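J.: Chain residues, written in single-letter form:
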Amino acid sequence: MSLELQHVTKRFGGLRAVGDVSFTVPERSIFGLIGPNGAGKTTVFNLITGVYKHDEGSIRFQGTDLGPLKPSQIARFGVARTFQNIRLFGQLTVLENALVACESQRRSGLVAALLRTPAFYRDEAAMTRRAMELLEVFNLDGVADEISTSLSYGDQRRLEIARAMMLEPKLLLLDEPAAGMNYGEAEGLKKQILWLRERFGLTVVLVEHNMQVVMSVCEHLHVLDHGETLAQGTPEVVRRHPRVLAAYLGEDVEEERGSADSAGAAGGGAAEEAS
Amino acid sequence: MPSAVQRVLTALLLVAAVVGLEFSFEHIIPDAAWRQLALLAMVNVIAALSLNIINGMAGQFSIGHAGFLGIGAYTGAIVAGNLHQMLGGGDTPFERSFIVMPVVILSAGLVAAVFGFVVGLPSLRLRGDYLAIVTLGFAEIFRLVIGTADTGGGTEGAINQALASLGGQQGYAGPDGTGVPQYAGPFWIFGAVTVATLVAWRLKFSGWGRTLRALREDEIASAAVGVDPTRYKVTSFVLSAAGAGIAGGLMASLRDGNPTVQPEQFSFATSFDAITMVILGGSGSVSGAVLGGVLVTFTVKMIEQLQGLDSVQALKAVYPSLDLNALRMVIYASILVGLMILRPEGLLGEREIFRRKSRVKVTGAGPAQPVPARTEAEVKAERSEEGQAGGAEAGGAGAEGAGAEGAMAKGALPEGTAIEREEQPLGKDRS
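Chains as they are written, first to last, in the numbering used here: chain A, 59 to 333; chain B, 29 to 459.
Just to be clear, a hint being listed does not mean it is correct.
Heads up, simulated EDC-like pairs for lysine to aspartate or glutamate below, C-alpha to C-alpha not over 20 Å straight-line [stated by the list, open to error]:
| hint | chain 1 | residue 1 | chain 2 | residue 2 |
| --- | --- | --- | --- | --- |
| 1 | A | 248 | A | 277 |
| 2 | A | 249 | A | 213 |
| 3 | A | 128 | B | 247 |
| 4 | B | 329 | B | 301 |
| 5 | A | 128 | B | 246 |
| 6 | B | 329 | B | 284 |
| 7 | A | 111 | B | 247 |
| 8 | B | 344 | B | 332 |
| 9 | A | 111 | A | 123 |
| 10 | A | 128 | A | 62 |
| 11 | A | 248 | A | 85 |
| 12 | A | 111 | A | 286 |
| 13 | A | 248 | A | 294 |
| 14 | A | 128 | B | 256 |
| 15 | A | 111 | B | 256 |
To be clear about the criterion: a stretch of chain A counts as covered by chain B if any three or more of its residues have a C-beta under 8 Å from a C-beta of chain B, and this derived list gives those stretches [to be verified]:
| hint | stretch |
| --- | --- |
| 16 | 137-150 |
| 17 | 178-187 |
Simulated from the structure, these hints should not be mistaken for laboratory data.
Computed from a predicted structure; not experimentally measured.
Yeah, the Cβ is synthetic: ideal placement off N, Cα and C, and Gly gets one too.
Construct all of the structure, not just a fragment, from the sequences and the given hints.
T.: Written as structure tokens, this is what we have:
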């Protein structure tokens, strides 16, 4: 088992954001974490990556308890992530964004940098080469020297994944990678996720509202609502689960249409149902 | 990468230039007041360069830089004074400065660095305004402790006596009260400013500087890619404080300078001057800090010179109530406001004056293949192909063997990314 959450609970004051959530993500699988807005999906990501500390339960990755580790340690341990609202290093170039992510693998230290020893130049060259190769894979090598915020939205999303991949992760957490993408772009993303898994032997956990992506890419799904587990299983099982249908479409469909985002999700879900 | 010969030649050239300055400085600038100003400008440049590490590169906001300067100045003055006495006192010949100044610089830098570490710790939890208040508080505590040490029970207790021996408001003038020996001539000042600029430059254009800027942009994202914010923030505070301490130490022994170190030299106004230099030059820019340090020092002096003009004196005679000192600050402030309107990011922004593009060009890689344009079957086929070449790629990332290049030509990454991580230096985190 790659990632294992057991009875994880997180409270913010009186609010139970995540309550008693347990799931296991098999090695090299693509795992989907879905649910309506505010269900606690991103909070689960923040718990796994150590941004928040869980109050109860345990989170283990390849047998190691992630609880006591700092976010930077968890990242170096092989858990990389992207963010729902893109978090690039704005004033840094595309290449620099990628280079920051392999800084923790550098062998030469600060003194070598000050003295500009051969080791410093060697490290810098090796890191740059690796970063450029990865940028090339993501088709970003042409804009390597551009300031990252000047990129198009889609490029910024891809740069975030490329930056995460610089860590050479074993587990990649993608937080709504398809947000703001049209049908064609989402199709491209699907292939990209499958390709990443094949190429790097990754385990992927996906938070996504786009049912087109979720239903065709994920092998396992875990549905959250109000921080609680609603259902889990293969997409086939989850899709027909009565409680999932109720949460997504609502007892009263009209009411659910109020929020644009969940309306999109519901629409996607409905489309899946019809097919 | 410059060759060893190039490096040695550059170093020799710089040393020669600095030694030359030591002996020809009085001929280049005959006026003692301007000489002093030029040296002071260089000390200010070091202060600005060091503050630029925290305020510019790391994006923290420290308004207590005078505290570090003061700690360095007092440490330097005490060390220089006592060492001078041990060496027999008297004149301050150039040869002897090679004994005194290294000790002064080292001790001033070290003591300030220790305080930098202590002040840096709250920076882990505090941001923006809150951190600014902590740094301001630190600088004011330092100034007031020294300034008030000899009032009240100044003779009771070892700590009180030690502090009181620093002279309180009157200032510290060496162990015998005859003034701090002024060993820091042009050689040391220009030498220090050269080294400080080089260090700041190399810090900025290294992985460390890059990571610090990333941290400034987004701390959560930095941590998510394995950067430990604690380490980088505290290190930046320590380095910045050490730089300020050295600037203070030099200021204390500055030739033609003030032979006493007084607490009022390190008031909030001094911190503010340092901030002005950094922001005026361009926050985060090394050459900007140099430019800012020189400009601010000379602008202040120029405005002072205006007071001596006949026309200004005539004006003063007509309106006796005119406060020229206050007017001077008005002019200074107007210049700053004007510059900020014209160039809101400072003179240079984060850019540098001399910056050549020196990025490693990637040669081994073949034409790019867009990622999504493959099916799973294609990828699987390719993987089995690479299985044979895989053995040659055990070097992992950055391998330059023929096998690795073959793999790159196909638009693929070297193997060993996910599976062979056991051998990578990261493995130590795993235990």
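J.: Decide if the proposed pair is consistent with the structure: residue 111 (chain A) and residue 247 (chain B), CA atoms, cutoff 20 Å inclusive.
T.: Distance ~17 Å between residue 111 (chain A) and residue 247 (chain B) Cα, so the pair holds.
J.: Within a Cα-Cα threshold of 20 Å, do residue 248 (chain A) and residue 294 (chain A) meet the stated pairing?
T.: 18 Å, holds
J.: So if I understand the rule, the pair passes when the alpha-carbon distance is 20 Å or less; does residue 111 (chain A) with residue 256 (chain B) pass?
T.: 17 Å, holds
J.: Could you grab the alpha-carbon distance between residue 111 (chain A) and residue 286 (chain A) and see if it respects the 20 Å cut-off?
T.: Given pair residue 111 (chain A), residue 286 (chain A) holds - Cα atoms ~18 Å apart, limit 20 Å.
J.: Do three or more residues from the stretch 178-187 of chain A put their C-beta atoms closer than 8 Å to C-beta atoms of chain B?
T.: holds (count 9)
J.: Has the given pair, residue 128 (chain A) with residue 247 (chain B), been kept, meaning a C-alpha gap of at most 20 Å?
T.: Given that 20 Å is the threshold and the Cα spacing comes to 13 Å, the pair holds.
J.: Given the hint that residue 111 (chain A) pairs with residue 123 (chain A), test it: the Cα-Cα distance must not exceed 20 Å.
T.: Between residue 111 (chain A) and residue 123 (chain A) the Cα gap is close to 12 Å, so the pair holds against 20 Å.
J.: Could you grab the alpha-carbon distance between residue 249 (chain A) and residue 213 (chain A) and see if it respects the 20 Å cut-off?
T.: Given that 20 Å is the threshold and the Cα spacing comes to 16 Å, the pair holds.
J.: Are there at least three residues in the stretch 137-150 of chain A whose beta carbon sits under 8 Å from a beta carbon of chain B?
T.: Three-residue rule met by the stretch 137-150 of chain A, so holds; n is 9.
J.: Straight-line Cα separation of residue 128 (chain A) and residue 246 (chain B) no greater than 20 Å?
T.: Since the Cα atoms of residue 128 (chain A) and residue 246 (chain B) sit roughly 16 Å apart, the hinted pair holds (cutoff 20 Å).
J.: Residue 344 (chain B) and residue 332 (chain B) were given as a pair; does the straight-line alpha-carbon distance stay at or below 20 Å?
T.: 14 Å, holds
J.: Taken at face value, is the distance from the CA of residue 85 (chain A) to the CA of residue 248 (chain A) at most 20 Å?
T.: 19 Å, holds
Going down the numbered hints, you'll see the structure goes against none, and every one checks out.
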